[in-house]
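Engineer: The chain contents come next:
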Amino acid sequence: MMSRGEGGSYATARSMSFNLQDGPANALALSKDNSHVVVAGRNVFKILAIEEDCFVEKVNLRVGKNLNLNYSCNDVVWSILDENLIATGATNGAVVLWNLSKITRAKQEHVFADHQRTVHKVVFHPTDPFMLLSGSQDGTVKCFDLRVREAKLTFKSNSESVRDVQFLPKNNFSFTSVSENGSVQLWDVRKGGERPFLTFTAHSGPVFSCDWHPDLPNTLATGGRDRAIKVWTVTNVATLDHSIATVASVGRIKWRPSRKNHIGSTSLVVDASVCVWDVRRPFVPFAAFEKHKDVATGIIWKNSPHIFLSTSKDCTVWQHVFKDATRPASKAMPQALAVNVRRGEIAQAVTTYQSDSAAPPRFPIFNRKTASLDEQFHMARSLFFTFEAGRLLRDGFRVECAERYTLIGKSPQELCDINAKIALSLNMKSVALVWEITKLFLNTRITEPVPHIETTKVTVPTPNHVSQAPPKPKEDNEDHISDDDQNHSSSELESQDVLGEIASGLHMTQNLFMSAGPTYEFQINQEGPVLPAEAFQHRHEIREGSPPLHLEDCSPRDVDEAIETVAVENRTSYLKFKFVDPVPAFEFSESITKALQFHAKEGDVQTAVCVWLVLAPVVKLPIERRVLEAWCYAYIELLQRNRLYAQAAVVIKHCGVLGHLSQESTSYLICCGKCGKPLTQKAGNFCDKCRKAVARCGVCHMTVTGLMSWCQGCGHGGHIEHLRKWFSGHKECPVGCGHVCHS
Amino acid sequence: MFVARGVKTDHKDLIHDVAFDYYGTRMATCSSDQTVRVWELDAQEGNWNCTASWKAHSGSVWKVTWANPEYGQVIATCSFDRTAAVWEEVVGEGSIGDRISATHWVKRTTLVDSRTSVTDVKFAPRYLGLVLATCSADGFVRIYEAPDVMNLTQWSLQYEIPVKLSCSCIAWNPTYPRHFAPMIAVGTDDSTVDVPKVMIYEFNENLRRWNRIESLKDITDPVNDLSFAPNLGRSHHLLGVATKDLKVVSLEPSMVEDENQVPSSNKVTIRTIAQCPDHNSTVWRVAWNVTGTILASSGDDGCVRLWKGNYMGNWRCVSILRGDGTQANAEPTSAAASATSPVGSFGNSRFMKLGAAAALKQDVVWH
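Protein chains in written order, with the numbering used here: chain A, 1 to 743; chain B, 1 to 367.
Quick caveat, the hints were computed from the structure, so don't treat them as lab data.
Any given hint might turn out to be false.
[Claimed, not checked] SDA-like, lysine to any residue: derived pairs with alpha carbons at most 25 angstroms apart:
no.	chain 1	residue 1	chain 2	residue 2
1	A	Lys620	B	Lys55
2	A	Lys291	B	Val195
3	B	Lys55	A	Lys323
4	A	Lys331	B	Arg115
5	B	Lys55	B	Val90
6	A	Lys653	B	Glu70
7	B	Lys12	A	Lys620
8	B	Lys267	B	Gly313
9	B	Lys55	A	Lys291
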């Protein structure tokens, strides 16, 4: 019978609502044939007809002038056997019987005024039309016989308040009650109001609702303020099968008909949605119905697993249809991904619907039938993988380099040399090449500060090939991801072309590259003879192990010119001359800059920053300050992330653009060594309390300005030199405090 | 060559997020089972060992994020239960016995301003101080600050930005700020046509407020994840967007070069520079490597794909990683991967058998 009705109504049923207007509703009940619903609340008590696409108000049971608290309902129930009989539990403790077959407008039939306090729940016996149970705030459950119109039995629970009562399905004489002290009690009606035959503690805190599974024997669900729905198997003892963790306190729960594992729930506070859970997946609702604007107070399934009604504090009644449900699980992020700064590691979590974690990740959702999806719902788990992607992700930063590079303390040429070797030993040939070229560049310059004897300003018609030639080689290998060694042959070749031009040994001052106009400044020095030798020497070094030098791109004329220049230089100690022809003045800083920019773009800020740092004392590369800051900042962060603090400090100190970083998060407090009183800024090193200057030398008793050394044990100290002398002959403190400072 | 390792997480429901700490030696995972787990790297073995696990929320925990270690061992979580929380690891004094229980995580604050699920939480870049951004399904981005970094219990809600669309993810621009104003990108999972899916907000120093400066009109599908690339001196920012497919968007601020003040680049030029439908399914997550040159994406096909832009600005898939241990190259011709991941098990980490899944379901199209 059920399945027939279910199929027919589900196809046509739709989500719909009715605004009660008079106030929030506390409970609802369906008539026997599911055609009508009675909605009850503090100020509302109506019967609505459930039409195809709307609710229609049929009867308003709140009639008459002097409405008393009997009309203020906490719960309502419609008799299963007599379709004219409705019972309500009122907030004043009355249990009221209503008879719809009455001809008068007031349908009130009888008032049972047995309870002292609010009645939370009323329920009809499933088979006995004359038996009615009520649970109340006064801690009792009363059983009424409708024929004699009085309470037949009183069951005294162990708590101050009974929140829910329900008969056991397919059992005519037992019922459960749940109470605010967290316990569930099972009673036998035949035994009268004596002790319950089973009591167990279900929740920490009040239990607000319970529901026996309509089909599964001995399966009871309870919901409590501890934000849990618990499913129990109750025989002689109660064993916990499942525990669902909800967002808020659980108000009402109701098993979904014809489903083994589904249960609907409402929240008492916070959460306005009605959730349907699969008890096997205790954390994510199977479906959620988010129509209400305030918390739902009552739910009832309309004899079908697909349709149910709910009332809410927002004064509405909704009919929910399952096809309109939201599926929280499908909205939840099914995957996680993170890239580790170390080791080139990636962590990934993917969803699977197989209990065996070795199974493959799930397939696209459209490949599966809905039924199987529902069936798999509770099996959702994440597989978690870590991938070591090694070189690929690490790209651009080498811890070994960072540890071994020397960036300060030697001449730039030496530094380049050292670092080139380090790079080469780590098989980073392209980086090594950058260092080599940088070194060559440095060698061609006059490194000692030379007084500008005289400069000649010459205007050169900007030759096209000069600006184009150098940067090209670097871009050739940009599309190769890994450090592919073969790619460098071409760049080496072209760099060597360039070396021919290096030989010209010209010092180009910075504004050569910065100035907009073609006004070039050249300066030629007396100590010329050193230069050509060095330049050529290194050219040979590079040539070893690399393809033979080829000078195709470099016109013979250019080379001649270069050599000529050198020759001229050799002969004359000082010379003024003018370029008549365009000379291939090679723009060193620019090409180095381009190389660094390329490396930075490829993620290799390490090379960019290190080369720049080495060059910084002698050359100012034309790099924007903004870019430089970004490089340094990124490199410092990389170093710090790899716990290379010393190296990071070197960069911070010497980069010159981020000096403030070392001044962050450092505060110091000075206090008097004698009395411990903090020194104010104003007083300087004079202690107000001792009326003395603080830093006094223990040997000469004069105030120490500048460097001071002191014993950490006794706090006395003084001029470093004085102390050194003192401690060469003594072990005790010079002040005479008796502390053995030098042990 | 890649080595894939399966890690038994013991999470009882889906894992929604994983985050590495600043140094990459610790990891945090969060799950629908309402717990957060913290993992420690075993430096010798390379395994991850769980050192802490606790119930963090009363709903699915969506995201977890680490604060800069400057502020201590601090993580933030956000949850379906409408709250975000800040947790700090404290060294227990006089703890009984074993080393593992010597530290534990204490909830320092609960941020309860949202009235719906808090979908993402992210700490701001270090230079902004201890600042936290959350976004929620009710369409607000909230920016909190702990004015006293020593007191993590005090957080003040600094800004509440109405996005007006259900937010799914948020990302800070990590670029060092001297020449850029602080910037965040917000993604929405709203599937309505004709509403922007990614919004860019920038902090205006003069007005002291966050302004929406742009929305990405090219993106028309719900957005699952966003990530800004670390900026290594580029003049433009790169934003990875996980939506129906993977997109890389370049944001080029029209900069006012002024040495003294941080220019508020009210205008950004937006260009979609890559659109990668290779996953052939929804892309869920994106993440950049530390130098911002490689983008990792994870899709519904279960693969992690690594992307790299070449000198032409073409983004290509350079590697595909699969949890079953196989690795395929970008070119299908060389798909015969030479991955030799060892089989075996020790500790709580398991090596995956190579090609186990492929053998199981050969007819399944993987991507």
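Engineer: Could you run down the list of hints and mark each one as holding or not?
Structural biologist: Hint by hint, here is what the structure shows:
1. Lys620/A - Lys55/B: Violated, at about 56 angstroms.
2. Lys291/A - Val195/B: Holds, because 23 angstroms separates the two Cα atoms, which is no more than 25 angstroms.
3. Lys55/B - Lys323/A: violated (33 angstroms)
4. Lys331/A - Arg115/B: Answer holds: Lys331/A to Arg115/B is near 18 angstroms, not above 25 angstroms.
5. Lys55/B - Val90/B: Answer holds: Lys55/B to Val90/B is near 17 angstroms, not above 25 angstroms.
6. Lys653/A - Glu70/B: Holds: Lys653/A and Glu70/B sit about 20 angstroms apart, inside 25 angstroms.
7. Lys12/B - Lys620/A: Roughly 59 angstroms separates the two Cα atoms, so the pair is violated.
8. Lys267/B - Gly313/B: At roughly 22 angstroms apart (the allowed maximum being 25 angstroms), Gly313/B and Lys267/B satisfy the hint.
9. Lys55/B - Lys291/A: violated (29 angstroms)
The structure fails to meet hints 1, 3, 7 and 9 from the earlier list, while all remaining hints are met.
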